[in-house]
Amino acid sequence: MVNNLISTYLIYLLGKALVLTALAPLVAGIIKKVKAFLQNRRGPGLFQLYFDIGKLLAKDSIISPTTSWIFTVTPFIYFAAAFGAAALAPVVAEVFFGTTGWQPDLFMLLYLFVLSRFFLVLAGLDAGSSFGGMGGAREMFVAVMVEPALLLASLTVALRAHSTNLTAMTLSAQTGFGGLSAIFAATAFFVVLIAETGRIPVDNPDTHLELTMIHEGMVLEYSGRRLGLIVWAVATKQLVLLVLFAALFWPFPLIIDSVAGQIVWLIVKVVLTAIALALTEMLANKMRLFKVPGFLAVASLLALLAIVAQ
Amino acid sequence: MNFTTIYLLMLLIFAVGLIITPVLCKKLKVANLFAHGIALLGSLAAVLCASFVFVTGPQAFSLPLYLPFMAFSVRVDYLAAYFLAIIGLVGAAASIYAVAYGREYFKRRFIVMAELYLAFLLSMLLVVSVSHVFAFLVVWEVMSVASFMLVGQEYDNPVSTKAAYLYLVMTHIGTAFIMTAFLLLAKTSGSMEFAELSALGADTWTKNAIFLCALIGFGTKAGLIPLHIWLPKAHPAAPTHVSALMSGVMLKTAIYGMTRFYLEFLGVGPAWWGGIILLFAIVSAVLGVLYAMMEHDIKSLLAYSSVENIGLIMLGMGAGMVLMSNGLTTLAGLAWAAALFHVLNHAVFKALLFFGAGAVISVTHTRDIEQHGGLIKVMPYTAVVFLIGAAAISALPPFNGFVSEWLIFQVLFNLPAAIGGVLGKMVAAVLISLLGLTGALAAACFVKAYGMIFLAKPRGNKAEQASEVSGFMLVPMFLMAILCLVLGIIAPKIMVLLRDILAPFFSEGVLDSLVNSAWYVLGFQQGQVSAGLSLPALGVVFGAGIVLAAIFYLLNGLGKSETGETWTCGIVPNARMEYTATGFSGPIRRAFGKVLLPQTEKVINTNTSPYSGWRVIYEVHITHVVDELVYQPLNRRIVIASRFMKEIQTGSVQLYIGYIMAVTIGMLIWSTRW
Chain E
63 MVNNLISTYL IYLLGKALVL TALAPLVAGI IKKVKAFLQN RRGPGLFQLY
113 FDIGKLLAKD SIISPTTSWI FTVTPFIYFA AAFGAAALAP VVAEVFFGTT
163 GWQPDLFMLL YLFVLSRFFL VLAGLDAGSS FGGMGGAREM FVAVMVEPAL
213 LLASLTVALR AHSTNLTAMT LSAQTGFGGL SAIFAATAFF VVLIAETGRI
263 PVDNPDTHLE LTMIHEGMVL EYSGRRLGLI VWAVATKQLV LLVLFAALFW
313 PFPLIIDSVA GQIVWLIVKV VLTAIALALT EMLANKMRLF KVPGFLAVAS
363 LLALLAIVAQ
Chain R
955 MNFTTIYLLM LLIFAVGLII TPVLCKKLKV ANLFAHGIAL LGSLAAVLCA
1005 SFVFVTGPQA FSLPLYLPFM AFSVRVDYLA AYFLAIIGLV GAAASIYAVA
1055 YGREYFKRRF IVMAELYLAF LLSMLLVVSV SHVFAFLVVW EVMSVASFML
1105 VGQEYDNPVS TKAAYLYLVM THIGTAFIMT AFLLLAKTSG SMEFAELSAL
1155 GADTWTKNAI FLCALIGFGT KAGLIPLHIW LPKAHPAAPT HVSALMSGVM
1205 LKTAIYGMTR FYLEFLGVGP AWWGGIILLF AIVSAVLGVL YAMMEHDIKS
1255 LLAYSSVENI GLIMLGMGAG MVLMSNGLTT LAGLAWAAAL FHVLNHAVFK
1305 ALLFFGAGAV ISVTHTRDIE QHGGLIKVMP YTAVVFLIGA AAISALPPFN
1355 GFVSEWLIFQ VLFNLPAAIG GVLGKMVAAV LISLLGLTGA LAAACFVKAY
1405 GMIFLAKPRG NKAEQASEVS GFMLVPMFLM AILCLVLGII APKIMVLLRD
1455 ILAPFFSEGV LDSLVNSAWY VLGFQQGQVS AGLSLPALGV VFGAGIVLAA
1505 IFYLLNGLGK SETGETWTCG IVPNARMEYT ATGFSGPIRR AFGKVLLPQT
1555 EKVINTNTSP YSGWRVIYEV HITHVVDELV YQPLNRRIVI ASRFMKEIQT
1605 GSVQLYIGYI MAVTIGMLIW STRW
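First to last, the sequence lines map onto chains E and R.
One gets the numbering used here by counting positions in the first sequence from 1 and adding 62 to each.
One gets the numbering used here by counting positions in the second sequence from 1 and adding 954 to each.
In short, the hints are calculated from the structure, not lab data.
Computed from a predicted structure; not experimentally measured.
Just so you know, even glycine gets a beta-carbon here, dropped at the ideal spot from N, CA and C.
Heads up, a few of these hints could be off.
Stated by the list, open to error - So the derived label-pair ranges between C-beta atoms look like this: (1) R/Thr-1577 x E/Tyr-74: 52 to 58 Å; (2) E/Leu-271 x R/Ile-1505: 31 to 37 Å; (3) E/Asp-122 x R/Arg-1530: 28 to 34 Å; (4) R/Thr-1577 x E/Arg-350: 23 to 29 Å; (5) R/Val-1066 x E/Arg-350: 54 to 60 Å; (6) E/Leu-271 x R/Trp-1568: 25 to 31 Å; (7) E/Leu-271 x R/Gln-1419: 37 to 43 Å; (8) R/Val-1376 x E/Tyr-74: 36 to 42 Å; (9) E/Phe-109 x R/Gly-1414: 49 to 55 Å; (10) R/Asp-1466 x E/Asp-122: 56 to 62 Å; (11) E/Ser-320 x R/Gly-1547: 52 to 58 Å; (12) E/Arg-350 x R/Val-1579: 26 to 32 Å.
Use the sequences and the hints to build the structure in full.
Set out below in structure tokens:
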């Protein structure tokens, strides 16, 4: 009986991960489209990233002789970590499996991101170029600054739910408007979202200029199938973070009883957050790297205020 | 076969080793195998002792030594057995490793080193198993002196000597405090036996004094900031297998001492005790890892990371004491379990990393990671195990470090239950975010270390000529690497063990809800809140991700992989284009500039030909705040004070006789006054 429930639960987690992974490039497409619209361009189609990934997955690769097996296996680990994070991401339906037994945990989700970052930075260093090292050093620097802000923002919800269990946190976040505290927490997490998804003003996803790039610097040596996997994983990670924002931090919850309704509402929230992300990217300038700690310190302080105001 | 027999057998094994090894001083190869073989046997006997206790229950016996004030009484309860097992486990691995590493010392006082190694290992095993105050202090001192001499093994190197003497001074300051704590305790309880030691009858002041003395005393040994200054100097100076033992195990004897005091002898104390420990612990964790991040000497880096990990362990202990004083015994049990779990985990992965570092040093002959690089190609096995160690210490799932760090997160998260209101939430939030910062910095630190040592191209000719190390080094490393993974996966089993260890210090049944009956879930339940962690489930999901990635990769056939040089804007890539460790830590050094106070030195030599460019030497030094603000001024004061004392120390015998006369007369007058 217990084993049966667990296997059903695991199948559910895998299914969720598959759906989120499949939808991730679409969400990335939406952000691009909104940005293009705001810049008075037509921009690539909504499904362009699928074509890109499809093309990359059919291409041969060039591998530097300097690299080792770390470089070769990292795309798989990176993809699997993003997939695992998608499996843990809090989508409404967890509730139907009850709150007893094992539930996805917040720290587990966050440490999957740490795992993927760990390997990607190593892969960046593996090729032995300055670009990889520069990207890696900056990535680790931003990660060090993001981590406290990310945890503080998550704690506002977790402390309210008295648990770091993602299901309990989702349920608690849906119970009602959290007041000023919820708005602070949402703002703080939004800042973290910008940094973690590598968007302006922290990083610029569209550039290969060595003065500004962080993520692109690390993956510069990748090509072909491996690059395809990384691109896809990055989109998945972005969607997971958007879902996290939508499920836990959306300041104005709607109480919806039906599962279908909840899922539709989640999709609406994710799309709205994606649009907000595109809008921020339009309105902000790329920030100097050493201004980023200040930017994230604001997020940390807001989250602390949110905890106090609770 | 009873416990006493096994224990005495262990002592006998070490005694034989200590006596016979010097006899073999003409046959160093035999001595090497013999001494370290004995150490291996002795360690295994210690593990056997511990397993015996876990199976049959606590054991105690006493040997009559007919010495005044001294009884050799041994008591191995579950707690002692746990530490005994850790020391035995790491000791066994280090002994195998030492066979290969010892060869380098054949021309450098090998016999002395082997003797001291045996004495050091034995004294650590005794420290956690004796149960008499005097016996404890004696073996504690033996441990300190043996490790001091091992740190000073290369006494022709002034850096080593200085580190050794600093260690000696600091450890004796610590021992003085430990002695005070024990004597105060023995005075209040009227006994020297651990079983009868208790501060129940003591007044508040005495209790506080005992608490602080134990904290300072054991804190010095554990390397708690600001008492840590000896640690990053002493650990790197010792031979590597000893460094592994010092960092992985010796620091834990201090944790053992603190656990005895705070959990057993002192009983439930006020909340501020825990608060103080939390404060020092979080400072140690953050500063320790920050200094580790800035370090380029691989062994110093690992030593600073030990300071960080001691901070993590003590976060669990401090939280446990806060929760305990508020009557939240179940959560307090969780906190202590988290701390003790991290003790085991840190012992395993720190030993692994030191072994790896030693392997790298033995083939490159330099500890500077700026001169390593590209070793993954010539040392493939060492590279794998070092990666596992780095992942475990960076708390990446599914390794053991992640489990104990998760538990510590959960403990801190439950602090608001003990400290009510906004204050509790703030304390929890700040501690958790700083712990997150520590985790991120640790990941950055070990990415840096791994990247610089093993990846890209060799940065110096020393790294180019490297080759893989021998099996004696690889076997213990692989054992520890496997343990890193196994301990992560069987974490629920370890939690059951930890519940048994902690149960005697708590009321009946309090800790039962800590362990989940399901083997695949590590969790606890407190009230309506449940939290759990399932690494197997994560493993399934992660594995599915890997499979999916492989499917997508192979969707269009295997594809061709061409070899093409790294893109460096059209120049032929060379090792000097690679990012250096200094460069990698640059942004973090700059962001934490207020704490690290970096000082850069840039020397530009313009005398060379104007066409071939200038020669630039760039160096960065960071300021160790505690050293500069506390110890150096103190040191200066001591020197000034001793200069005054010098005035009366002329070296003239007549004057000394005069002093003795004066004192004698003074004493006579004082004693016959009445």
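Status of each hint after checking the structure:
{"no.": "1", "hint": "R/Thr-1577 x E/Tyr-74: 52 to 58 Å", "verdict": "holds (54 Å)"}
{"no.": "2", "hint": "E/Leu-271 x R/Ile-1505: 31 to 37 Å", "verdict": "holds (35 Å)"}
{"no.": "3", "hint": "E/Asp-122 x R/Arg-1530: 28 to 34 Å", "verdict": "holds (31 Å)"}
{"no.": "4", "hint": "R/Thr-1577 x E/Arg-350: 23 to 29 Å", "verdict": "holds (25 Å)"}
{"no.": "5", "hint": "R/Val-1066 x E/Arg-350: 54 to 60 Å", "verdict": "holds (57 Å)"}
{"no.": "6", "hint": "E/Leu-271 x R/Trp-1568: 25 to 31 Å", "verdict": "holds (27 Å)"}
{"no.": "7", "hint": "E/Leu-271 x R/Gln-1419: 37 to 43 Å", "verdict": "holds (39 Å)"}
{"no.": "8", "hint": "R/Val-1376 x E/Tyr-74: 36 to 42 Å", "verdict": "holds (38 Å)"}
{"no.": "9", "hint": "E/Phe-109 x R/Gly-1414: 49 to 55 Å", "verdict": "holds (50 Å)"}
{"no.": "10", "hint": "R/Asp-1466 x E/Asp-122: 56 to 62 Å", "verdict": "holds (59 Å)"}
{"no.": "11", "hint": "E/Ser-320 x R/Gly-1547: 52 to 58 Å", "verdict": "holds (54 Å)"}
{"no.": "12", "hint": "E/Arg-350 x R/Val-1579: 26 to 32 Å", "verdict": "holds (27 Å)"}
Checked against the numbered hints above, the structure breaks none of them.
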